[in-house]
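Novice: What follows is the residue order along each chain.
Protein chains: 2
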Amino acid sequence: MINFSDKEKNKFLHELYEFLKIPSISADPSHKNEMVKCSNWLKTNLKNSGCDKVKIIKTKGHPIVYGEKFIDKTFPTILVYGHYDVQPPDPISLWDTPPFKPVLKKTKIHPHGAVFARGACDDKGQMFMHVKAFEWITKNTKLNFNIKFLIEGEEEVGSDNLEIFISKNKDLLKTDIILISDTSMKSNTIPSITTGLRGISYMEITLKGPNRDLHSGTYGGGVANPINIMSKLIASMHDDNMKITIPGFYDKVIGLNIKDKNEILKSAINISDFKKSIGIKEIYGDTDFSLTERVATRPTLDVNGIYGGYTGEGSKTVLPSEAHAKISMRLVPKQDWKEISELFKQYVLNFIPNSVTATIKTHHGAEPYVTPTNSKAYEAAILAYKKSFGANPFQQRGGGSIPIVPIFEKELGVKSILMGFGLDSDSIHSPNEHFGLFNFFKGIETIIYFYEFYTNKIST
Amino acid sequence: MINFSDKEKNKFLHELYEFLKIPSISADPSHKNEMVKCSNWLKTNLKNSGCDKVKIIKTKGHPIVYGEKFIDKTFPTILVYGHYDVQPPDPISLWDTPPFKPVLKKTKIHPHGAVFARGACDDKGQMFMHVKAFEWITKNTKLNFNIKFLIEGEEEVGSDNLEIFISKNKDLLKTDIILISDTSMKSNTIPSITTGLRGISYMEITLKGPNRDLHSGTYGGGVANPINIMSKLIASMHDDNMKITIPGFYDKVIGLNIKDKNEILKSAINISDFKKSIGIKEIYGDTDFSLTERVATRPTLDVNGIYGGYTGEGSKTVLPSEAHAKISMRLVPKQDWKEISELFKQYVLNFIPNSVTATIKTHHGAEPYVTPTNSKAYEAAILAYKKSFGANPFQQRGGGSIPIVPIFEKELGVKSILMGFGLDSDSIHSPNEHFGLFNFFKGIETIIYFYEFYTNKIST
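Chains as they are written, first to last, in the numbering used here: chain A, 1 to 460; chain B, 1 to 460.
So here's chain A without its partners, still in its complex pose (with noise of 0.2 Å):
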């Protein structure tokens, strides 16, 4: 076990409060020089922590941040990805304390501290890990791996301009493996390791009716609603036991293996706990699949928002000219995401009857991706977790999305190992957003452990 001094947890603490400090919020406009302001701060950061070549990539949007330390070229390359950037931290007011102060302050599930603030985990925080175990071992071993920083800053608003600059530097990128913490783990005494997530489909949906708002009494039985439409085209989408109807939607689905099935309901929800934690009667969905199966290895199709007609305060009697809907799937090994949208687009314009026409919009995608779990740094990592946690990691599915992940497979040929080590109820994306105290510093001991086994310095 390593045992960080209290100097050592100071120094990482005070640079991470720093860190956070600096509003990157990559979707907003008017924060564009922070953004700069937050990637000069990282390549400062980068070079005090041992870095010897350090630079800001200029794109169309915010700047790549670079940093490496190259040993020598016998010696394995371990590429890190994370992103300086976070989501807008609206509703502020729902904020106990300002988002860009962090504050430590202790919690039922975090009794020795976790500290608040936008980005805490997601994922400035989960990144600077990976900065601060370099610099330990930079400090207080020696290095036997090429290490290559790779940050960007703009995960929150689809990572366009990264997956440009990683098909013209594959060169630069050369990688044995892609090392991210940006995802959960299952609690702090049961750590996991992800293995899976889904990709996305994102689409809107827009059917225009009659040229403009009628009245609902004059008009209303022999002119169709543009709502009543999209509520039946939406309906259409799942059948009574909740599969989704659109055709060809699952043809490409693989199931989990009964290895990898059993593996994953190690660490089942616990279906009490999950209606609890978000206030529901009742959980829902395709009961051919348990919930754990459900939320991480299955299918969706969600309605993420809609809006159509009168949606003031009190009634108004209009049989709406429009209606709008934005829907995502989220899917799992081997859909694909362009095909899936288009199977999407046909049945919708399949659908509508003549008395609408519908405008199809795709917002944005990305691929499933599957973590081997037969490689060495796969082995590496649960090792790594077994010695910092003293248990074994379970393997677990993500149910999200992070499109740069399948986009480096493609791109690099390389797979990502997934150590996330924030919980679920972290509030990622939501006001309130924490990280633990223990999990920044035990995810920093998992890291430097990862180093070591993936090197063959320690064998179990």
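Keep in mind that a hint or two might mislead.
To be verified - Dumping the calculated DMTMM-like pairs for lysine to aspartate or glutamate here, alpha-carbon to alpha-carbon at most 25 Å:
1. Lys-232(A) <-> Glu-342(B)
2. Lys-208(A) <-> Glu-342(B)
3. Lys-208(B) <-> Asp-286(A)
In short, the hints are calculated from the structure, not lab data. These figures come from a predicted structure and were not determined experimentally.
Knowing the structure of chain A, use the given hints to seat chain B on it.
Specialist: Frame of chain A, contents of chain B only:
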């Protein structure tokens, strides 16, 4: 034929413009003062037009304006009902000119010009015809009837306080007949009288799922999405033949008798013109009935507004906590709106799964209404149209609802004559509402003739 002098015309129009400039939006609490201002303006205008007893009646909501000119108890008494409140102008961006800055513009249908403003037709413009007809009679002839004006400020929000006022002031409101211009006619060459109105039941459903917006990746597939459930619910309310599926919904519906049906079909809607006027490719609805029947003599169920989840620009991957829908049903004789509202509630509660909870609110309701076509007043109206337009008016059913009409019948035992002069294409409740100059002055003329025929001053 009555020829209004230019001076009279200018005066009437100038006053109408002043009236339309006041944004008397009853549904918007922030417009409370504008409602008071508008009621005072109207009170003054009624006084200046010849009423000798005018007053503002305060209510729990917006004020009622009352005006009276009593000549002789042996004379017949006519009560004119109308409303000075208007629909919200949203979406304002679709107005070509500001909704509360009336302007005169020529259109294909109104070559002599139409006044464009919210309320121009519904109902400030149409109601004001009665005030000006009364003024003209007072100044140019001798009144041989008593008149009472009852003008409310809550027609667009359900007329609740007027209903209370009527039930408590039956003596004050004692009348032989009620005259209302708050409906439409077929065209400027083919006048028509409305002999029936649909009732309405206006409901709002809120479905709540999880206690906060969730990450659709982490939770999608295992949690009921309130928008998906709302869509299923709404879709289930119509069958494939566009019949409403709520049990008991049609039980009390009495169809048209052959005579009324034939009368109504004399002025059947031209489907091609109808489609063109509102920019749709196909009509829609219950194929057991003609379009003319569907929009006026059959009950409907339309979503007037829907919202939930993320409705801003771009995409956000939330599994929303709530979904909201405003749904109204148009009713026909002998459906009872309170009974229908209850059937609706039961249907919703039976339909939704345990995984969400529903709150169902009744916004307002109104009973359907039919005017007998064998009364002296109805006959006088027919003759008045014939004299002013030079054409026999058609008998039509109105698809909309005027909640107070069946209440007048119930409380005062008096029927209403519905002399509407607006056109369906005048965009009431929509952006760019307008009212033709021809219609405004032809309306005043027809109303003057109505009094003359009704009081036997002239006869055919």
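Novice: Is Lys-208(B) within 25 Å of Asp-286(A), Cα to Cα?
Specialist: With Cα atoms ~20 Å apart, Lys-208(B) and Asp-286(A) stay inside 25 Å; holds.
Novice: Take a quick look at whether Lys-232(A) and Glu-342(B) sit within 25 Å of each other, Cα to Cα.
Specialist: It holds: about 23 Å lies between the C-alpha atoms, which stays within 25 Å.
Novice: Compare the distance between the alpha carbons of Lys-208(A) and Glu-342(B) with 25 Å, and conclude whether the hinted pair is satisfied.
Specialist: 32 Å, violated
In this structure, the one hint that does not hold is number 2.
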